[in-house]
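2 protein chains.
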Amino acid sequence: MPAENDIHCLRLTRTEGVGPITCRRLLERHRSPEAALAALSAMARSGGKTTAPRIPSVAEAEREFERTEKLGGRLIFINNPDYPPLLAQLDDAPPVIAVLGDVALLAKTAVAIVGGRNASAAGLRMAETLAEDLARSVTIVSGLARGIDGVAHTAALRTGRTVAAIAGGLDVAYPTENTNLQRVIAERGAVITEATPGTQPQARHFPRRNRLIAGLSLGVVVIEAARRSGSLITTRIAQDLGREVFAVPGSPLDPRTRGGNDLLREGAVLTETAQDVLDNLSGFGALFPFGPKRRGLSEPPPCDFDDPPYLDAASNLSQARERVVSLLGPTPTKVDDLMRRCQLSPAVVIAVLLELELSGLVETLPGNRFALLMDAASQSHQTEQNV
Amino acid sequence: MPAENDIHCLRLTRTEGVGPITCRRLLERHRSPEAALAALSAMARSGGKTTAPRIPSVAEAEREFERTEKLGGRLIFINNPDYPPLLAQLDDAPPVIAVLGDVALLAKTAVAIVGGRNASAAGLRMAETLAEDLARSVTIVSGLARGIDGVAHTAALRTGRTVAAIAGGLDVAYPTENTNLQRVIAERGAVITEATPGTQPQARHFPRRNRLIAGLSLGVVVIEAARRSGSLITTRIAQDLGREVFAVPGSPLDPRTRGGNDLLREGAVLTETAQDVLDNLSGFGALFPFGPKRRGLSEPPPCDFDDPPYLDAASNLSQARERVVSLLGPTPTKVDDLMRRCQLSPAVVIAVLLELELSGLVETLPGNRFALLMDAASQSHQTEQNV
Numbered sequence: 275m276p277a278e279n280d281i282h283c284l285r286l287t288r289t290e291g292v293g294p295i296t297c298r299r300l301l302e303r304h305r306s307p308e309a310a311l312a313a314l315s316a317m318a319r320s321g322g323k324t325t326a327p328r329i330p331s332v333a334e335a336e337r338e339f340e341r342t343e344k345l346g347g348r349l350i351f352i353n354n355p356d357y358p359p360l361l362a363q364l365d366d367a368p369p370v371i372a373v374l375g376d377v378a379l380l381a382k383t384a385v386a387i388v389g390g391r392n393a394s395a396a397g398l399r400m401a402e403t404l405a406e407d408l409a410r411s412v413t414i415v416s417g418l419a420r421g422i423d424g425v426a427h428t429a430a431l432r433t434g435r436t437v438a439a440i441a442g443g444l445d446v447a448y449p450t451e452n453t454n455l456q457r458v459i460a461e462r463g464a465v466i467t468e469a470t471p472g473t474q475p476q477a478r479h480f481p482r483r484n485r486l487i488a489g490l491s492l493g494v495v496v497i498e499a500a501r502r503s504g505s506l507i508t509t510r511i512a513q514d515l516g517r518e519v520f521a522v523p524g525s526p527l528d529p530r531t532r533g534g535n536d537l538l539r540e541g542a543v544l545t546e547t548a549q550d551v552l553d554n555l556s557g558f559g560a561l562f563p564f565g566p567k568r569r570g571l572s573e574p575p576p577c578d579f580d581d582p583p584y585l586d587a588a589s590n591l592s593q594a595r596e597r598v599v600s601l602l603g604p605t606p607t608k609v610d611d612l613m614r615r616c617q618l619s620p621a622v623v624i625a626v627l628l629e630l631e632l633s634g635l636v637e638t639l640p641g642n643r644f645a646l647l648m649d650a651a652s653q654s655h656q657t658e659q660n661v
Numbered sequence: 275m276p277a278e279n280d281i282h283c284l285r286l287t288r289t290e291g292v293g294p295i296t297c298r299r300l301l302e303r304h305r306s307p308e309a310a311l312a313a314l315s316a317m318a319r320s321g322g323k324t325t326a327p328r329i330p331s332v333a334e335a336e337r338e339f340e341r342t343e344k345l346g347g348r349l350i351f352i353n354n355p356d357y358p359p360l361l362a363q364l365d366d367a368p369p370v371i372a373v374l375g376d377v378a379l380l381a382k383t384a385v386a387i388v389g390g391r392n393a394s395a396a397g398l399r400m401a402e403t404l405a406e407d408l409a410r411s412v413t414i415v416s417g418l419a420r421g422i423d424g425v426a427h428t429a430a431l432r433t434g435r436t437v438a439a440i441a442g443g444l445d446v447a448y449p450t451e452n453t454n455l456q457r458v459i460a461e462r463g464a465v466i467t468e469a470t471p472g473t474q475p476q477a478r479h480f481p482r483r484n485r486l487i488a489g490l491s492l493g494v495v496v497i498e499a500a501r502r503s504g505s506l507i508t509t510r511i512a513q514d515l516g517r518e519v520f521a522v523p524g525s526p527l528d529p530r531t532r533g534g535n536d537l538l539r540e541g542a543v544l545t546e547t548a549q550d551v552l553d554n555l556s557g558f559g560a561l562f563p564f565g566p567k568r569r570g571l572s573e574p575p576p577c578d579f580d581d582p583p584y585l586d587a588a589s590n591l592s593q594a595r596e597r598v599v600s601l602l603g604p605t606p607t608k609v610d611d612l613m614r615r616c617q618l619s620p621a622v623v624i625a626v627l628l629e630l631e632l633s634g635l636v637e638t639l640p641g642n643r644f645a646l647l648m649d650a651a652s653q654s655h656q657t658e659q660n661v
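Line order of the protein sequences matches chains A and B.
So the first sequence is numbered by the working numbering: it starts at 275 and just counts up by one.
So the second sequence is numbered by the working numbering: it starts at 275 and just counts up by one.
Some hints here could point you the wrong way.
Treat identical chains as interchangeable: a pair holds within one or across any two.
[Unchecked claim] Derived lysine to any residue pairs resembling SDA-like cross-links, with alpha carbons at most 20 Å apart:
id	residue 1	residue 2
1	608	500
2	344	442
3	608	596
4	608	637
5	608	635
6	608	532
7	382	353
8	344	275
9	608	646
10	608	541
11	608	392
12	382	515
13	608	282
14	608	433
15	608	474
What the hints contain is simulated information worked out from the structure, not anything from laboratory work.
This structure is a prediction, so every number in the text was calculated from the model and none was measured.
Let the hints inform the model, and build the full structure from the sequences given.
Structure follows, in structure tokens:
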């Protein structure tokens with residue numbers, strides 16, 4: 275059962291017309307959320323409104339708590355010690371966030387990786403490399419979108435941990451192709467949203483998600499952002515917050531890299547490797563007393579989730595196939611990586627890959643790399659616009 | 275007949291062991307080149323040298339004058355009013371330069387465009403666009419090498435004028451594939467060198483050529499320079515001279531753009547268009563009282579220079595494949611561009627692309643564009659060095 279205080283806090287938060295700044299001010303000015311709610315009604319009346327703002331009932335608030343808990347999630351209010359400290363620095367920090375997964379992860383040093391949904395193979399490759407390398411030192415935050423976001427989360431899961439900020443409710447999988455990824459991130463990292471359960475993400479929700487991404491992170495790395503893309507909104511917020519902005523350069527001939535190049539012109543840190551990011555994280559040294567340079571990339575942070583144990587050699591091939599497929603994506607993966615990750619014997623992996631290739635599910639690429647053929651997904655990469 | 279003064283000046287310049295700085299000092303200290311030559315012998319003796327430096331004879335100097343004039347060229351000494359004013363600012367300005375073409379052009383505002391010889395199609399396309407646009411306002415200086423240099427000269431000829439700084443003698447065509455281009459530049463622009471007629475360009479001559487390029491130019495634009503490439507030597511000289519350095523950004527996955535990205539990190543002007551260059555030319559406003567913006571882009575002069583002919587259609591496919599791969603990079607390139615660049619018949623290009631795609635080296639993108647999957651290509655590119 276949630277505390278009475280939290281119930282009222284949620285009612286205040288969910289009252290129509292009460293934005294994050296108003297909510298925070300009301301809570302600061304009044305002794306309790308209940309007092310703030312009472313004041314709210316009075317204020318609205320004295321402000322000349324004919325109807326008082328509709329404040330959700332105690333039962334409605336309880337229902338939101340119940341639904342969130344049923345999903346395995348948790349509502350965290352801004353005055354709670356578990357509220358992400360960097361996010362709390364925002365003037366318009368969300369008064370409440372819904373979290374599925376490891377709440378403690380939200381307090382750890384994080385870097386966001388954002389970029390276009392219709393990214394090029396080169397962009398996706400950069401996202402993969404940067405996320406994989408950075409995740410050894412920091413948490414990777416992204417927006418669970420197709421393209422750069424999805425690849426960044428996936429790569430981060432290989433070497434470290436990741437947080438997905440989403441626009442819809444915790445129980446809403448979006449985009450559908452990342453349904454499995456969203457589930458895995460909730461299990462091994464954290465999924466965070468401002469939306470109530472059941473909320474279907476709409477265009478107007480994405481700026482809030484972008485604010486979460488920037489707010490949670492010490493820095494934002496932009497890979498392939500077209501001009502006027504959603505990724506640039508995230509970096510604007512980061513800049514306003516005094517967080518570092520990193521941009522991967524690209525050819526002026528590709529419109530997908532123009533936004534990033536503009537950022538470089540404005541002073542963003544030119545980023546080619548994870549070290550470029552770690553060397554320039556303002557505040558990173560303060561949080562990690564040895565400083566980013568001395569920490570380097572060699573020392574992976576302690577990780578409290580275990581990879582699943584080796585499958586029994588006698589395990590049937592279909593189980594192995596499932597595992598290999600889940601580890602593969604459209605981005606080419608080296609067979610060594612695959613073997614290390616799937617914890618199957620090399621012979622089994624080779625056999626499975628051959629089988630997958632013969633059935634047209636996997637393509638073999640030079641350098642002993644393999645990619646899952648996701649026809650529908652790859653087509654939509656090219657035609658869709660960034661959020 | 276050259277003036278007696280110039281004969282002695284040339285003898286001093288061509289004396290073994292007399293570098294540009296020594297030469298200049300000797301000329302400043304003594305009343306005449308003849309007096310400087312006399313002092314040189316005396317100084318060498320008193321310096322304890324058993325043999326005096328070998329000073330070329332009057333006849334030898336006269337022969338160099340004759341050979342240069344026979345070529346249609348001219349020797350210009352540093353104290354001559356026709357000596358390029360920006361080049362004269364160098365502490366180690368060459369005491370004499372040999373020029374074929376329009377000497378007056380060397381006094382006009384110039385911008386250098388430099389880059390790798392094994393450039394990608396995207397890089398060549400950038401060189402072409404920038405040179406064509408910039409040449410409407412300024413003279414384009416480059417080094418007549420394969421790749422970026424050649425394309426920059428050729429494109430500049432379409433809309434304006436260009437100066438080629440070369441490492442060998444005026445009568446030596448290098449590289450052979452640019453023989454025709456060298457001739458056209460001498461006719462419509464200027465070719466400049468420090469070397470005597472007949473000098474075959476060797477590796478040790480190229481730093482001098484690079485110094486000419488930087489010295490003649492108010493700014494240097496770098497397109498696709500690998501780390502430790504000759505183009506970066508040119509930019510170092512430009513930086514030391516206080517000239518502006520411009521760099522075109524590129525994907526970190528392509529080693530050919532790393533040098534340029536490094537320059538951006540160090541503060542080079544991020545360059546996507548000619549306007550980026552014109553807006554940042556220090557001293558440009560002073561030389562052109564109306565300022566770069568108001569000068570704008572005027573009418574291009576007529577140009578009858580032709581691109582080199584198509585390769586014989588019978589050329590074998592492996593050669594064609596090599597050429598197509600070298601032109602591709604992670605940045606998507608239009609097939610039209612590719613065809614134009616590689617000088618192979620469309621049928622051959624299509625066949626090669628299909629072959630490359632099937633072998634997983636190239637990905638096909640919407641809009642008839644192709645990109646190299648960098649893992650596959652990295653071996654060939656990474657091992658090659660730019661001059």
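Cross-check of the supplied hints:
Taking the shortest alpha-carbon separations for residue 608 and residue 500, only the inter-copy value of 19 Å comes in at or below 20 Å, while the best intra-copy value is 23 Å. Within a single copy, residue 344 and residue 442 get their C-alpha atoms as close as 17 Å, which meets the 20 Å cut-off; across copies the closest is 80 Å, which misses it. Taking the closest pair of Cα atoms, residue 608 and residue 596 come within 20 Å of each other only inside a single copy of the chain (18 Å); across copies the shortest separation is 25 Å, beyond that limit. Within a single copy, residue 608 and residue 637 get their C-alpha atoms as close as 12 Å, and across copies as close as 18 Å, so both meet the 20 Å cut-off.
Taking the shortest alpha-carbon separations for residue 608 and residue 635, both the intra-copy value of 16 Å and the inter-copy value of 15 Å come in at or below 20 Å. Within a single copy, residue 608 and residue 532 get their C-alpha atoms only as close as 23 Å, which misses the 20 Å cut-off; across copies the closest is 18 Å, which meets it. Taking CA atoms no more than 20 Å apart as the test, residue 382 paired with residue 353 passes inside one copy only; the shortest distance there is 18 Å, against 67 Å between copies. In this assembly of identical chains, residue 344 and residue 275 lie within 20 Å of each other by CA distance solely inside one copy; the values are 12 Å within and 100 Å between copies.
Within a single copy, residue 608 and residue 646 get their C-alpha atoms as close as 12 Å, and across copies as close as 17 Å, so both meet the 20 Å cut-off. Taking CA atoms no more than 20 Å apart as the test, residue 608 paired with residue 541 passes in neither setting, with 31 Å inside one copy and 31 Å between copies. When the C-alpha separation of residue 608 and residue 392 is checked against a cutoff of 20 Å, the pair qualifies both within a copy, at 18 Å, and between copies, at 18 Å. Taking CA atoms no more than 20 Å apart as the test, residue 382 paired with residue 515 passes inside one copy only; the shortest distance there is 18 Å, against 47 Å between copies.
Taking the shortest Cα distances, residue 608 and residue 282 never come within 20 Å of each other, neither inside one copy (52 Å) nor across copies (60 Å). Taking identical chains as interchangeable, the C-alpha atoms of residue 608 and residue 433 lie at most 20 Å apart only when both belong to the same chain, with a minimum of 15 Å there against 37 Å between chains. Taking CA atoms no more than 20 Å apart as the test, residue 608 paired with residue 474 passes in neither setting, with 36 Å inside one copy and 39 Å between copies.
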